[in-house]
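Chemist: From just these sequences and the hints, can you work out the full model?
Spelled out, the chains give:
There are 2 protein chains.
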Amino acid sequence: MNNVYIYQQLSDFTNAVFSKMGCSDDAATLATKVLLSADLRGIDSHGVARLAGYVRLWQAGRINTNPNIRIVHESPSTAVVDGDAGLGLVVAPYAMEVAIRKAQTAGTGWVAVRNSNHFGIAGYHAMMALAHDMTGIAMTNASALVAPTFSIERMLGTNPIAVAIPAGKQPPFVADFATTTAANGKLEILQRKNEATPVGWVQDKAGNPSTDANELKKQGALLPLGSDREHGSHKGYALGSIVDIFSAVLSGASYGPWAPPFPAYVPMPENMPGQGLGHFFGAMRTDAFRSTEEFKEHMDNWIGRFRNATPAPGHEKVLIPGDPEREMEAQRSKEGIPIVQSVVDDLKSVAEGMGIEFDAYLA
Amino acid sequence: MNNVYIYQQLSDFTNAVFSKMGCSDDAATLATKVLLSADLRGIDSHGVARLAGYVRLWQAGRINTNPNIRIVHESPSTAVVDGDAGLGLVVAPYAMEVAIRKAQTAGTGWVAVRNSNHFGIAGYHAMMALAHDMTGIAMTNASALVAPTFSIERMLGTNPIAVAIPAGKQPPFVADFATTTAANGKLEILQRKNEATPVGWVQDKAGNPSTDANELKKQGALLPLGSDREHGSHKGYALGSIVDIFSAVLSGASYGPWAPPFPAYVPMPENMPGQGLGHFFGAMRTDAFRSTEEFKEHMDNWIGRFRNATPAPGHEKVLIPGDPEREMEAQRSKEGIPIVQSVVDDLKSVAEGMGIEFDAYLA
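Which chain is which? The protein sequence lines are A and B, in order.
Numbers 4 to 366, taken from this note's numbering, label the letters of the first sequence in order.
Numbers 4 to 366, taken from this note's numbering, label the letters of the second sequence in order.
Incorrect hints may appear among the rest.
Stated by the list, open to error - Derived CB-CB ranges, DEER-like:
1. Glu300/A to Val202/B: 24 to 32 Å
2. Pro201/A to Gln222/B: 26 to 34 Å
3. Glu355/A to Val202/B: 30 to 38 Å
4. Arg195/B to Glu273/A: 50 to 58 Å
5. Ser336/B to Glu273/A: 39 to 47 Å
6. Thr295/B to Glu300/A: 35 to 43 Å
To be verified - A few chain B positions that, by computed beta-carbon distances, are all more than 10 Å from chain A:
7. Asn71
8. Ala109
9. Glu297
Since the hints were derived computationally from the structure, they do not count as laboratory data.
We put the CB at the ideal spot given by N, CA and C, even for glycine.
Modeler: This is how it looks when you write it as structure tokens:
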């Protein structure tokens, strides 16, 4: 059974938790907004379900709730931001603002971030560019759970890429996806239901195909987008690698198998070659390429044409990236956000541990 | 049986063909170098095997061999280049040079191209950045052969992405891949051998899974990277769409199902919304992010660590993107380039039609 909460309830509770962690009012408000954008958009694995994880990282001393986030290197169109071990939920919007500011003067802005933590959904940050008539790009590295093609070793995170492109009358194009065949959140859903995965999502620790949704707990690995060599897993491996390099090698963060793990109980890797997690952001001003009006007209035409592509039998229509999440956001804003019992229990114990009265927020 | 030619033979012949088409000496030399880089790197579908296709496009009046390639819009870090219907093999290096020049002053350079044609392998253009200690990015849209997830209509090309990242003592990281499960060239190889494709590469015109390597000739479609929804084809569809939008909507080229077809016998789409094919290039100066020396040390560390990831049983080692092509280039530079008989026959008839003495070059 699901518990359904209205957005404001979850927001007030989450804000209280970040405040208790020592975040300033502004930081708590921003972190809450970024985190809960995942719940609104239907990416349940990345929203309030992760709040307890952030709290545990903070308790383990891995999150600085009063960080001095700053630019440490720059050129007219680039910057490197040091997140000072802050919440990625706060560091990432700061860095994306820098990218947008750079784009305002240089046409485009590109910001690599080091010394950060998990930043919520990539799509939130990419979408910040839309209000400025810019295309936004966001990516991040993450805890190593993915085996490269031909390997049994976990070397890469699910390393998502988000690209948000403005349109005119049509809603924007918003792609946001892990560079693996299936995101970790998909496994968690199957674990709860005690169901098997399709072939091609995970392999066991010896490199054999597996359908066990708990494979990651047994030293198995997620597979890169493409699943196996014959179906292009070397392309997913390359994509995940590019995200890792842009996010962490360009910035001075820790990369590959040395990326700091999200679960606080997993010890930090030894001999880390950089600081914290890394992100990479881009903003491209539309009128740095052609008139914004012209571009938007053509984006409307592009979106309209693809939405009207002939559907395959059994399918009603072709989707544009961002359609399902936008529809979910409209629905959940109105009808509330369902939270599974195990997450509610988790939040209760977070509240208890921090001296927050759970029932005052999420009764 | 394969015919093996040394690089210089193929180069002299190709140069003669481009010269006969009316290219200047410089343009013919450049187009030859770009085209044959595919044969050297083992991407046989994109090299001299396509020469007859370029000739037919030129005969159909779709290629201008004396183009006025020029910048039509710019900002400190961006430009739009109009290729004036020139060979993509010549237009693309021009545009990539503009990106590199922009990066020298602005930190990064981003160039969208309209009114171009097929540009050979994306990797060639991305790799131009390496000599400048820059990361290079290249992508292009192409003839519509790919059905979006849930569709039976061909809406996108194989829309490749190439990313070349410099290293220090290690060879550079060079990813270059179609955003489909399998590139069209893979189908052509199976056609020649009369073999079936694996499930997940193509679908028939009704949207059913197929293993017929000739499916594209029967109105079937290539599938986006991921193959089906359950294995992430919506991600491959999103990637191909991003390439299409960056290459063609940003630049003013023709996009989606309106991209001009490569085979000259296929009529041009009606009501094209832009001019010619589109490309998109990026160059990022390494020291716009951190010192080049530091970056290269960490890239060496990244590459070394991934190359030494534990291999899966039955595999000798984990590959770094670019490894197979680099090894192939070393081998073919020494031992020559094998060309299948059907391509040799094709080149013979090209020579005949243009009054070039085939035996003087490729006896």
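Chemist: Each hint needs a verdict: does it hold in this structure or not?
Modeler: Each hint tested on the structure:
1. Roughly 40 Å separates the CB atoms of glutamate 300/A and valine 202/B, a value that falls outside the hinted 24 to 32 Å.
2. Between proline 201/A and glutamine 222/B the Cβ separation comes to about 28 Å, which falls inside the hinted range of 26 to 34 Å.
3. Between glutamate 355/A and valine 202/B the beta carbon distance is about 51 Å. The supplied range of 30 to 38 Å is therefore violated.
4. For the hinted restraint 50 to 58 Å between arginine 195/B and glutamate 273/A, the CB-CB distance of approximately 51 Å keeps it satisfied.
5. Take serine 336/B and glutamate 273/A: their Cβ atoms lie about 42 Å apart, and the range 39 to 47 Å holds.
6. In this structure the hint that threonine 295/B and glutamate 300/A lie 35 to 43 Å apart at CB holds, the actual value being about 42 Å.
7. No Cβ of chain A comes within 10 Å of the Cβ of asparagine 71/B; the nearest lies about 19 Å off, and the non-interface call holds.
8. With a cut of 10 Å on Cβ distances, alanine 109/B falls inside the contact zone with chain A, its closest approach being about 5 Å.
9. Distance to chain A contradicts glutamate 297/B as a non-interface residue, since its nearest Cβ pair spans about 8 Å, not more than 10 Å.
The structure fails hints 1, 3, 8, 9 (numbered hints given earlier, in ascending order).
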